[in-house]
Structure formats: C-alpha cells, structure tokens
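K.L.:
Position 83, counted from 1, in the sequence shown is what my numbering calls 83; the numbers after and before it change by one each time, with no gaps.
The hints are simulated quantities; they were obtained by calculation from the structure and are not laboratory data. The reader is advised that the hints may include incorrect statements.
As the list claims (entries may be wrong) - Distance ranges between label pairs, derived from CB positions:
id : residue 1 : residue 2 : range
1  : Pro258    : Leu17     : 51 to 59 Å
2  : Ser317    : Gln16     : 25 to 33 Å
3  : Glu326    : Leu365    : 38 to 46 Å
4  : Leu365    : Asp33     : 49 to 57 Å
5  : Glu326    : Glu178    : 25 to 33 Å
6  : Arg288    : Val363    : 34 to 42 Å
7  : His151    : Ser199    : 34 to 42 Å
8  : Gln195    : Arg299    : 36 to 44 Å
Said to hold, decoys possible - Computed cross-link-like contacts, DSSO-like style, restricted to lysine-lysine with a CA-CA straight-line distance of at most 27 Å:
id : residue 1 : residue 2
9  : Lys36     : Lys305
10 : Lys134    : Lys36
11 : Lys165    : Lys134
12 : Lys43     : Lys134
No experiment lies behind these values; they were computed from the predicted model shown. Even glycine gets a Cβ: it sits at the ideal position worked out from N, Cα and C.
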Amino acid sequence: MAFTNCLVDAPLPDIQLGTLTLYQLYDISNEIDLDKAQTCLAKPTARHTPPVRVRQSESIQIAQPPVRVNLDTVTFVLDGFSLTGTLRASIYDLGAVALAMELSLPQPVGWSKVADLLQIAQELPELMQNRFQKALEELERLLQPALAQPHRAAIVEDYSILVVKHLVDNIAVATLAEHPLVWAALLGEQRSLSQSASSLISSMSYYPDDLALLSWNGALLIEPDPLAAATAVDLIEFANVELLLMRSYDADLDAELPRMYRQIPREQRRFTLPLLRRYSRLLHDVQRLVAEITEVTERVDNALKVTDDVYWNRLYSAMLSVLRVEVWRAGVEHKLALLRQTYSMLHDEADTERATAMEGTIVLLILFELVMALFRH
Numbered sequence: 001m002a003f004t005n006c007l008v009d010a011p012l013p014d015i016q017l018g019t020l021t022l023y024q025l026y027d028i029s030n031e032i033d034l035d036k037a038q039t040c041l042a043k044p045t046a047r048h049t050p051p052v053r054v055r056q057s058e059s060i061q062i063a064q065p066p067v068r069v070n071l072d073t074v075t076f077v078l079d080g081f082s083l084t085g086t087l088r089a090s091i092y093d094l095g096a097v098a099l100a101m102e103l104s105l106p107q108p109v110g111w112s113k114v115a116d117l118l119q120i121a122q123e124l125p126e127l128m129q130n131r132f133q134k135a136l137e138e139l140e141r142l143l144q145p146a147l148a149q150p151h152r153a154a155i156v157e158d159y160s161i162l163v164v165k166h167l168v169d170n171i172a173v174a175t176l177a178e179h180p181l182v183w184a185a186l187l188g189e190q191r192s193l194s195q196s197a198s199s200l201i202s203s204m205s206y207y208p209d210d211l212a213l214l215s216w217n218g219a220l221l222i223e224p225d226p227l228a229a230a231t232a233v234d235l236i237e238f239a240n241v242e243l244l245l246m247r248s249y250d251a252d253l254d255a256e257l258p259r260m261y262r263q264i265p266r267e268q269r270r271f272t273l274p275l276l277r278r279y280s281r282l283l284h285d286v287q288r289l290v291a292e293i294t295e296v297t298e299r300v301d302n303a304l305k306v307t308d309d310v311y312w313n314r315l316y317s318a319m320l321s322v323l324r325v326e327v328w329r330a331g332v333e334h335k336l337a338l339l340r341q342t343y344s345m346l347h348d349e350a351d352t353e354r355a356t357a358m359e360g361t362i363v364l365l366i367l368f369e370l371v372m373a374l375f376r377h
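Whenever a hint applies, use it, and build me the whole structure from the sequences.
P.N.:
Listed below in structure tokens is the structure:
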C-alpha cells in the first residue's frame, strides 16, 4: 500500500524510534477484586500501577489503580514488517480488562507505512485476534476467584496508540498537527484528506517538542519524555475503558427495557389476592436494575478524577469527547430515567389498586356490622 495524490509541500521525516500499541478491551465481570486478582496471577510483573509522577500528574486521582501484568512476548508480521513486543493486561476493579500488544516499530518507518499499519489495526488479522482471545480466556480462568458475577459482554472496544520517541530529522513538531499526510496516517487512510478532515482530530501540546493527536480509532503521541508518554497512554486507556463500560450498560438496558415492558401486561392479567401489591416482582426487578446501573455508573465517574485546569485534564477531556463517551452516558441516563418513570407508574397503580381494595374491605366490614346489628335486635 502507498499514499497517492498527497499534496504536501515537503516530505516528512521518517520515524526513527516508536511503539505501536494495539488494544482490545473487554467487560468480563460486574467487579474484580484487585487484591485477589494480583494473588491469582502470581506473576512478578502483576502489580497495582498508580499514575506516574510527571508534569503535574498529582492532579490525576485514581481510586483503584489497575493491576498490570506482562503476559508474553509476541512477534507478528504486518504489512511486511516483523514486529516484536509484549502482550500485557490492565485489570480494572470496574470489571474491565484491557489487553495491549506493545510492538516496537522497525527503524526507520515512513508515514505511508504508518498509515498501512494503523489501517490494519482497525481490522486485525485472524492470527492476532486469536492471540487476544487466547490471552483473555487464560486471564478469565486465572481470575475466576476474583470476579463478582462473571460474564463476558458481546461488546469489544479496540484502539491503537502510536508513540513516536524520535524522528529521523529535526522538525517543528507543531507542523505535523497541520499536515494532511499525518491526519491520513492516523486515520488509516490511503488517500490525501481535505482540510476539513482536521476537525476529526483533536490536537494539543505542552512543550514545543511534544504533540498529541487524538481520533476515534487511534492516537498519535510524539513525546520524547517516556514518563509523559506513559501518563498520556494511561489516560487514553482509561477513557476507552469508560467507553466500553458505558456501551455495555447501554446494551444491558436495551435488552432489559423491552423485557420489562412485555412483562407489564402479563402482570396485569395475573390474579392477586386483595390487599396484596400487584407488580411486586416486576417492581423489585426494575428497582434492582436501576440500583445496579446507577451504582456502577457512579463508580465509573469516581474511578478517575483529573483536577485543575492542567494539560492532563485537557487531554483526558478531549479523549472523552473524541470517543463520544458523554453521548453514550446520556443514552444510559435516558434509559434509566425511563425505568424510573416505569417504576413510579407501576408503584402508583399498585398503590391505587391496594387503596381501592382497602376501601372496599372497609365498606364490607361496615355492612357486616350493620347486618349483625339487625340480627341482634
């Protein structure tokens, strides 16, 4: 594959040293006990990993740092390149697992080849998919004692991060953010993009020699400081975890809402004794589901906080915006509101029926007393 019709004024310098990380993220449980998980893995590399301390990273507050573990060394051939690296896992107490293949790029690599690799990353070869699946199944087996209500959601998130440590030639890094060749490479496109395509990518930097470009399917980090690069990768990873969980909760609600609506007419036809609350089972199910989803969404909201108006806050917020996490969150909140309205409606109807039954019972008791009084006289 190669770029065609790329209208650029000057060639870009090749990437001298870089790392391509391919992510697959899974929702496997309602909650994971991280202390138990660390024990279950029984590997020297399995450890709680708090944010690294770099560039005001004290503003990053994470309630439960994930357990990170190196699983294996991997080698794959992509687009003629032999890429070697590490397969690792990040295990979150929220029930999510992020598997990452961190592959070192051969040196040097041109931007057209970067586009090829990122395009392949959007639909991984079967061999790589199988390696991810095998690693996930092994993790699920090892982590079984640490999983609360284990399940594997059908939704899987994938993402790619290219970290560039050095370019072959010196260049003003800021110019890369405005270069159509770089946009196309990040989006995995083989044709030149229009100027309006820049709106699909969020760009930011802190120093003159660093740059972060964020899109919905991948991120490009030009960062000579390895600690800063690690912090940015951590934030991008957690934003993807948040997206995964919101999409999973949304799918759960999509499945539950029709089931509950189908159950309402059945409950209406079901005979219940007077003074017993109708819909009791359905009300319990609705209340339970609302409580569960509300609890887990609040845990997601409180899992990671980026305080103050600093660079990391802007990067994390931009990542959430690019991934449209708030759109999925709004969908979840809307469906929770529908459930709450359904609960309120059923509760009111059940109370009305119960009040009517009580009034009828009182009238019958009064009539009974009148009849008994007549008999006595």
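K.L.:
Each hint: holds or not?
P.N.:
Each hint, compared with the structure:
Distance hint check for Pro258 and Leu17: the Cβ-Cβ separation is about 52 Å, which falls inside the suggested range of 51 to 59 Å. Evaluation of the 25 to 33 Å hint for Ser317 and Gln16 yields a pass: the beta carbon distance comes to about 31 Å. Between Glu326 and Leu365 the CB atoms are about 57 Å apart, so this pair departs from the stated range of 38 to 46 Å. Separated by about 56 Å at the C-beta atoms, Leu365 and Asp33 satisfy the suggested range of 49 to 57 Å.
In this structure, Glu326 and Glu178 meet the distance hint of 25 to 33 Å, their C-beta atoms being roughly 27 Å apart. Between Arg288 and Val363, the C-beta spacing of about 36 Å keeps the proposed range 34 to 42 Å intact. For the hinted restraint 34 to 42 Å between His151 and Ser199, the CB-CB distance of approximately 38 Å keeps it satisfied. Between Gln195 and Arg299 the C-beta distance comes to about 42 Å, which sits within the given range of 36 to 44 Å.
A distance of roughly 25 Å separates the Cα atoms of Lys36 and Lys305; the hinted pair therefore holds under the 27 Å criterion. Distance hint between Lys134 and Lys36 is fulfilled; the C-alpha atoms sit about 22 Å from each other, no more than 27 Å. For the suggested pair Lys165 and Lys134, the alpha carbons sit about 31 Å apart, so the restraint of at most 27 Å is broken. Our distance criterion of 27 Å between C-alpha atoms is met by Lys43 and Lys134, whose separation comes to about 18 Å.
Of the numbered hints given earlier, the model fails hints 3 and 11; all others are met.
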